[in-house]
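Q: Sequence:
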Amino acid sequence: MDQRMFLAVGLSMAVILGFYLLVPMVQPPPPQPATVNQGRPAEVATATPASESPQAPGPAPQAAPVAPSRVIQVNAPDYTAAVDTRGGRLISMELKDYKLEKNSLDWGDLIPLLREWLHKASVNPDIPVQMVKKAPNSTVPFTVEFVGDEPLTKAFQAVVYSSEESQLDVKPGALRPATLTLTGQGPGGLTVRKQITFHPDSFIVDYEVQVINYGNAPRPVHVLNDFGLGPNTNHARVTRGHYGPMYRAGGKIHKADTDDIKQALRVAEPQWLAMSDTYFITAVAPQTPVESGVYTLLAGAMEGKYPVAGYGMELPAVNLEPQKMIGSKFKLYLGPKSTNEMLKFGNRLEESLDLTLDFIASPMLAMLRWFFSFTHNYGAAIVMLTIVVRVLLFPLTYKGMVSMKRMQKLQPKMVALRERMKGDKEKLNREMMEMYRRHKVNPLSGCLPIVFQIPIFFALYSALLGAIEQRHSPFALWIADLSAMDGLYVLPLLMGGSMFFQQRLTPTSLDPMQAKIMLWMPVIFTFFMLNFPAGLTLYWFTSNLLSIAQQLIINRVKIPDFAD
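The sequence shown runs contiguously to residue 564 in the working numbering.
Any given hint could turn out to be false.
[Unchecked claim] Within a straight-line C-alpha distance of at most 27 Å, the following computed BS3-like cross-link-like pairs (lysine-lysine) qualify:
#	residue 1	residue 2
1	LYS99	LYS331
2	LYS154	LYS134
3	LYS331	LYS154
4	LYS133	LYS329
5	LYS171	LYS425
6	LYS171	LYS329
7	LYS331	LYS96
8	LYS262	LYS134
9	LYS133	LYS96
10	LYS262	LYS154
11	LYS427	LYS405
12	LYS427	LYS413
13	LYS154	LYS171
14	LYS171	LYS344
15	LYS133	LYS262
16	LYS329	LYS134
17	LYS255	LYS331
18	LYS344	LYS331
19	LYS134	LYS331
20	LYS344	LYS96
21	LYS154	LYS133
22	LYS331	LYS133
23	LYS409	LYS427
24	LYS102	LYS134
25	LYS171	LYS252
26	LYS99	LYS134
27	LYS344	LYS252
28	LYS171	LYS96
29	LYS413	LYS399
30	LYS262	LYS252
31	LYS133	LYS344
32	LYS133	LYS255
33	LYS409	LYS422
34	LYS425	LYS413
No wet-lab data here; the hints were simulated from the structure. On a predicted model such as this, the values are computed, not experimentally measured, just so you know.
Turn these sequences into a full structure, and let the hints steer you where they fit.
A: Structural data, given as structure tokens:
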């Protein structure tokens, strides 16, 4: 729905621009993804000779008596996590400073009889955002799969890993991160050792996994390290922005929808893989060579009408000799799409914000954050940003509006010229161009404000759309969340009303029929803005108010009549 609205706004702006471009002359009559191998069976790497395989680290662990599994709690400054020793997997990671839901005022709150009609759901504002999504028969981060050997995979998922830790505390400002070591013994002398390192003051987790053959015979091993399904933020495809696979390969960002994946999507030489939604992301960057990155559909799992996909990193298949091991290292990010936090991860993860017209959107987003640093209100910061944009555009706006007034003054001469030469359109166009030249009127200059506002609108839309800072951020009165729509529809109606009033003030050279058509533009924009984030609607409304003030000033400018 959001893409259709975004397209409709663009088309509406194009209609406005088209009118201004055509009236003076004819008046009045998904990126291709990076190189991937989609659906290709994994190629088995050349068997590694025993002499080239890393030596197993130490003797085989002694078989321990079977013990019940336990959950190791991890308490970090920004999150709490839980690791289940059965399978040695991350089963939970809750962000302390980000809540899943926030109640916004709508007509169902003011008029209880409308509550059921509006499908107003109850909201629990105390539930934290969960970065580990779960689904039936799904995997969670740090699951180790053995490609082509399902019994071995299931055996290691059932193994209870041993660990000396019962709880892990990650102290804020600590000089060293905290590491959890897990060791699991599988059948045939195969052992998996995992080291999970939690960093203080960031959402970064390091993960190292070793597969060791303590048996007496070589073992063919083809490892796939799973990293789960992504964040569980109850998006349900109603939030805006991209949800699903996103990866960086070949120096570019690529996106895919889960419903476009046919069983599996393989990514060659990935810099990182991620599962992303509007405000949160889980990403993994390989620190050692991998065969490929893999997105895999989860059989039978659906989120509404959309399939669920998980992702992982596949290692080359090897013939693992006795007393040898294969190892791999990864760096993970599980947290908000905050530029400062993603910069700590590196690998250009901040590009996952996917800004439109980045060279415009990035400075605007930086300016928005700077205004917030002393206003402590993102609504006020948006208003101040709007003022700056309008001030910067004022010279062009002034020139365009004065040109429109001059065109209006020239209108009687144009009407007389058309009447005199209505049988010869080619000569009419030549005479009109000569009239523009003689009176120094540029018929295109009136379009300048619109031409420059269109890219700014799209850039600001993308900047506000993914700005984690405005998520659940209040403005004033009934606006409790600038990232959500205005449930009372007051801002969209004010925006539409201000747009209508601005049109009435603006001089025009349109004929009556075209003028009536243009009067529908505020209605169309109001309709599309109903479901837009309140922050974006606030920007547009404030921009309209400033345009009205500018128009009132410019309307006082006297334009002399043209001499014959």
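Q: Now look at each hint and say whether the structure bears it out.
A: Now the hints, each set against the structure:
Distance restraint check for LYS99 and LYS331: the Cα-Cα separation of roughly 25 Å lies within the 27 Å cut-off, and the hinted pair is therefore satisfied. Proximity of LYS154 to LYS134 is assessed by CA-CA distance (about 18 Å); at most 27 Å being required, the pair is judged to hold. The hinted pair formed by LYS331 and LYS154 meets the criterion: a straight-line CA distance of about 25 Å does not exceed 27 Å. Restraint check: the Cα-Cα separation between LYS133 and LYS329 comes to about 23 Å, which is no more than 27 Å; the hinted pair holds.
Distance restraint check for LYS171 and LYS425: the Cα-Cα separation of roughly 80 Å exceeds the 27 Å cut-off, and the hinted pair is therefore not satisfied. Taking the CA atoms of LYS171 and LYS329, the gap is about 24 Å. The hint holds against a cut of 27 Å. A C-alpha spacing of about 21 Å is found between LYS331 and LYS96, which places the hinted pair at or below 27 Å, so the restraint holds. With a CA separation close to 21 Å, the supplied pair LYS262 and LYS134 stays within the 27 Å bound.
Among the hinted pairs, LYS133 with LYS96 is consistent with the structure: their alpha-carbon atoms are about 17 Å apart, no more than 27 Å. Among the hinted pairs, LYS262 with LYS154 is consistent with the structure: their alpha-carbon atoms are about 24 Å apart, no more than 27 Å. For the hint pairing LYS427 with LYS405, the CA-to-CA distance comes to about 25 Å; that is within 27 Å, so the pair holds. Among the hinted pairs, LYS427 with LYS413 is consistent with the structure: their alpha-carbon atoms are about 15 Å apart, no more than 27 Å.
For the given pair, LYS154 sits about 35 Å from LYS171 by alpha-carbon distance, which is inconsistent with the 27 Å threshold. Restraint check for LYS171 and LYS344: the C-alpha separation of about 18 Å stays at or below 27 Å, so the hint holds. For the hint linking LYS133 to LYS262, the alpha-carbon distance of about 21 Å falls within 27 Å, and the restraint holds. Taken as a hint, the LYS329 and LYS134 pair is honoured in the structure, with Cα atoms around 24 Å apart against an allowance of 27 Å.
Our distance criterion of 27 Å between C-alpha atoms is met by LYS255 and LYS331, whose separation comes to about 20 Å. Taken as a hint, the LYS344 and LYS331 pair is honoured in the structure, with Cα atoms around 11 Å apart against an allowance of 27 Å. The suggested pairing of LYS134 with LYS331 holds, with an alpha-carbon distance near 21 Å, which does not exceed 27 Å. Distance hint between LYS344 and LYS96 is fulfilled; the C-alpha atoms sit about 19 Å from each other, no more than 27 Å.
Restraint check: the Cα-Cα separation between LYS154 and LYS133 comes to about 20 Å, which is no more than 27 Å; the hinted pair holds. The hinted pair formed by LYS331 and LYS133 meets the criterion: a straight-line CA distance of about 19 Å does not exceed 27 Å. With a CA separation close to 22 Å, the supplied pair LYS409 and LYS427 stays within the 27 Å bound. Restraint check for LYS102 and LYS134: the C-alpha separation of about 22 Å stays at or below 27 Å, so the hint holds.
Proximity of LYS171 to LYS252 is assessed by CA-CA distance (about 36 Å); at most 27 Å being required, the pair is judged violated. Pair hint LYS99 plus LYS134 holds up; C-alpha atoms about 18 Å apart against a cutoff of 27 Å. Taking the CA atoms of LYS344 and LYS252, the gap is near 19 Å; set against the 27 Å cutoff, the hint holds. As the CA atoms of LYS171 and LYS96 are separated by approximately 15 Å, the hinted pair is consistent with the 27 Å bound.
Distance hint between LYS413 and LYS399 is fulfilled; the C-alpha atoms sit about 22 Å from each other, no more than 27 Å. A C-alpha spacing of about 22 Å is found between LYS262 and LYS252, which places the hinted pair at or below 27 Å, so the restraint holds. For the given pair, LYS133 sits about 24 Å from LYS344 by alpha-carbon distance, which is consistent with the 27 Å threshold. Restraint check: the Cα-Cα separation between LYS133 and LYS255 comes to about 20 Å, which is no more than 27 Å; the hinted pair holds.
A hinted pair counts as satisfied when its Cα atoms are at most 27 Å apart, and LYS409 with LYS422 qualifies at roughly 21 Å. Of the supplied pair hints, the one linking LYS425 and LYS413 holds, its CA atoms being roughly 16 Å apart against a limit of 27 Å.
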